Amino acid sequence: MKNEQFDEEIQDYLSLYKVDLPDEDEMERSIAAIMSSVPKKKSSLLVWQNGARSLLQNSIRELMHFGALFWVINVLFLILGAITLIDRSADPYLTAFILAPLPFITGTYEIFKSRDEGLVELEMSLKYNTHQVFLSRLVAVGVMNFVLNAALCTLFASFYPQMLVVKLLLCWTIPYVFVTGIAFLFAMNVRSSIASGTLAAVWFAFCFGFLQGEEFQRMVMQMDIVTAIAILLIGVMLWAIGVQRMKKITIGRENYEA
Amino acid sequence: MKLKLENVSKVFGDKKAVDNVTTELTSGVYGFLGANGSGKTTLMRMLAAVSMPTSGVISLNGEDISDMGARYRDVLGYLPQHIGFYKSFSVEKFLQYIASLKGLEKREAKERIAELLEMVNLSESKKVKMGKLSGGMKQRVGIAQALLNDPKVLIVDEPTAGLDPKERIRFRNLLAEIASDRIVLLSTHIVSDIEYIAKEILIMKDGRLIQKDTPQNLMKHIASNVWSVDASDAEIPSYQASYKVGNITRRAEGIDLRIISEKKPAPQAVNVPVNLEDLYLYYFDEEVGA
Numbered sequence: 199m200k201n202e203q204f205d206e207e208i209q210d211y212l213s214l215y216k217v218d219l220p221d222e223d224e225m226e227r228s229i230a231a232i233m234s235s236v237p238k239k240k241s242s243l244l245v246w247q248n249g250a251r252s253l254l255q256n257s258i259r260e261l262m263h264f265g266a267l268f269w270v271i272n273v274l275f276l277i278l279g280a281i282t283l284i285d286r287s288a289d290p291y292l293t294a295f296i297l298a299p300l301p302f303i304t305g306t307y308e309i310f311k312s313r314d315e316g317l318v319e320l321e322m323s324l325k326y327n328t329h330q331v332f333l334s335r336l337v338a339v340g341v342m343n344f345v346l347n348a349a350l351c352t353l354f355a356s357f358y359p360q361m362l363v364v365k366l367l368l369c370w371t372i373p374y375v376f377v378t379g380i381a382f383l384f385a386m387n388v389r390s391s392i393a394s395g396t397l398a399a400v401w402f403a404f405c406f407g408f409l410q411g412e413e414f415q416r417m418v419m420q421m422d423i424v425t426a427i428a429i430l431l432i433g434v435m436l437w438a439i440g441v442q443r444m445k446k447i448t449i450g451r452e453n454y455e456a
Numbered sequence: 070m071k072l073k074l075e076n077v078s079k080v081f082g083d084k085k086a087v088d089n090v091t092t093e094l095t096s097g098v099y100g101f102l103g104a105n106g107s108g109k110t111t112l113m114r115m116l117a118a119v120s121m122p123t124s125g126v127i128s129l130n131g132e133d134i135s136d137m138g139a140r141y142r143d144v145l146g147y148l149p150q151h152i153g154f155y156k157s158f159s160v161e162k163f164l165q166y167i168a169s170l171k172g173l174e175k176r177e178a179k180e181r182i183a184e185l186l187e188m189v190n191l192s193e194s195k196k197v198k199m200g201k202l203s204g205g206m207k208q209r210v211g212i213a214q215a216l217l218n219d220p221k222v223l224i225v226d227e228p229t230a231g232l233d234p235k236e237r238i239r240f241r242n243l244l245a246e247i248a249s250d251r252i253v254l255l256s257t258h259i260v261s262d263i264e265y266i267a268k269e270i271l272i273m274k275d276g277r278l279i280q281k282d283t284p285q286n287l288m289k290h291i292a293s294n295v296w297s298v299d300a301s302d303a304e305i306p307s308y309q310a311s312y313k314v315g316n317i318t319r320r321a322e323g324i325d326l327r328i329i330s331e332k333k334p335a336p337q338a339v340n341v342p343v344n345l346e347d348l349y350l351y352y353f354d355e356e357v358g359a
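Quick note, the sequences are listed as chains R and Y, same order.
Take 199 as the starting number for the first sequence in the numbering used here and just add one per residue.
Take 70 as the starting number for the second sequence in the numbering used here and just add one per residue.
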């Protein structure tokens, strides 16, 4: 009862107050006054440009910090490819197919090394954090692999003018996109030193079987364009899943001791 | 500069690791004290932007640190409790790499690294591979990397683990020196690390912030609860069973027990000046028997 009386008293008391609304002009003036303090929205093109520039710079930095083993192995692959040019009995399509995913497979060690060396915790607190570092290394390894393959294929095409360029392109892009997609997903869940070794062994075993089975070889080498594009699309999907999952490597660390 | 925590909580499954912490930190050294599992590390990880609060807001000068993103991390220095290193990198190369991730220009980084290596007494080991360093030396590299970007907020979790007493004092003095215009958060089990340099001590228990005050005020608070008791060997077990017993000092004339108790533990007991170890025992009785 006492509360109700009290409420009524407050209501009466408040009804005596009048709050004047500002007129349109006053509102306009206020808006104009604070407009200069409102941060300008950056154009999406500018944001994209800045992001791409930063990713490129970070990727170059990461590439500079890759271990000697990565460079040695990649040079070996290039030499191996060059040897097949000299040894004219080797099939350049097959060589391109076998060598295509190898630089990436060896590079998986570099992509996830901070996770395996216990540096993620520190990296997450840095200006360029773990997500950016992983992405930069991924780009560095991927581009490096792409450049090596492209260089090798250019050499093949110039040494063998009769080669079918489209077939050559498919011979390295299919394993490059599809196999590296699988390698990326696998390396995300396994210690990178083990992942690199296992993936290389599996790929070599597959290639050995591939070289032995003529029927299978013919099936792959004479694959129609629709099947090839379908495999490439699956590869792209694997990559997209991988990039999404990469975010969880750091989010997963939330389950940490108190 | 003001780092503000408002109702910050962190939940892992059904465990509340940090429970509704609200506090404000300004320039100076803050010491975090707490037993294992008290939530110190979780709170520090949230302050270091490594982990997100389940609820609540952490803000720097009024701006939510999760909105600040890279701008916050740019003014942050963090030494985690467990830090990894690239074993094949030399000390100098490792610091150069971290400096580049902190966005430092090459020349600026070079000068800063030389300065910090001198500061942590590792100039002569700059070419040594990280894998060849002792635990204490690695810790010093960890300290150097945290200071690379001249951070405005420095968070160090158990920084003196593995350091010898001389290095600990050196590091303590360094923190005191740099804390004049920045916020330094230091979590430790070694109470002497913060006794002389902490502006305030934050005591965490079961995820909650139960005390935040100057060391002097905190010690004053328990001044009447610290006792010195002369005892014989045979009496020690019964004192240990009934009270929180700190130091046991053997003297020529007998044994001196330091006891934390609200009531006088024995007729011959006398009140003695409090130190931070007593404070630790007072709040964390589960540690006494450890």
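Honestly, the hints are just simulated from the structure, not real lab data.
A portion of the hints provided could be inaccurate.
As the list claims (entries may be wrong) - Derived CB-CB ranges, DEER-like:
(1) Y/S96 to R/V236: 26 to 34 Å
(2) Y/A245 to R/K216: 51 to 59 Å
(3) R/D205 to Y/G172: 22 to 30 Å
Said to hold, decoys possible - Taking lysine-lysine pairs in the DSBU-like style, the calculated list, with each CA pair at most 30 Å apart, reads:
(4) R/K446 to Y/K73
(5) Y/K235 to Y/K179
(6) R/K446 to Y/K179
(7) Y/K195 to R/K311
As the list claims (entries may be wrong) - One-sided excerpt, in silico: chain R residues whose CB lies under 7 Å from chain Y:
(8) L320
(9) S323
(10) L324
(11) E413
(12) R416
Note that the structure is predicted; figures quoted are calculated from it, not measured.
Note that the Cβ used here is the ideal one computed from N, Cα and C, for glycine as well.
For which of the previously enumerated hints does the structure constitute a violation, in increasing order of number?
3, 6, 11 and 12
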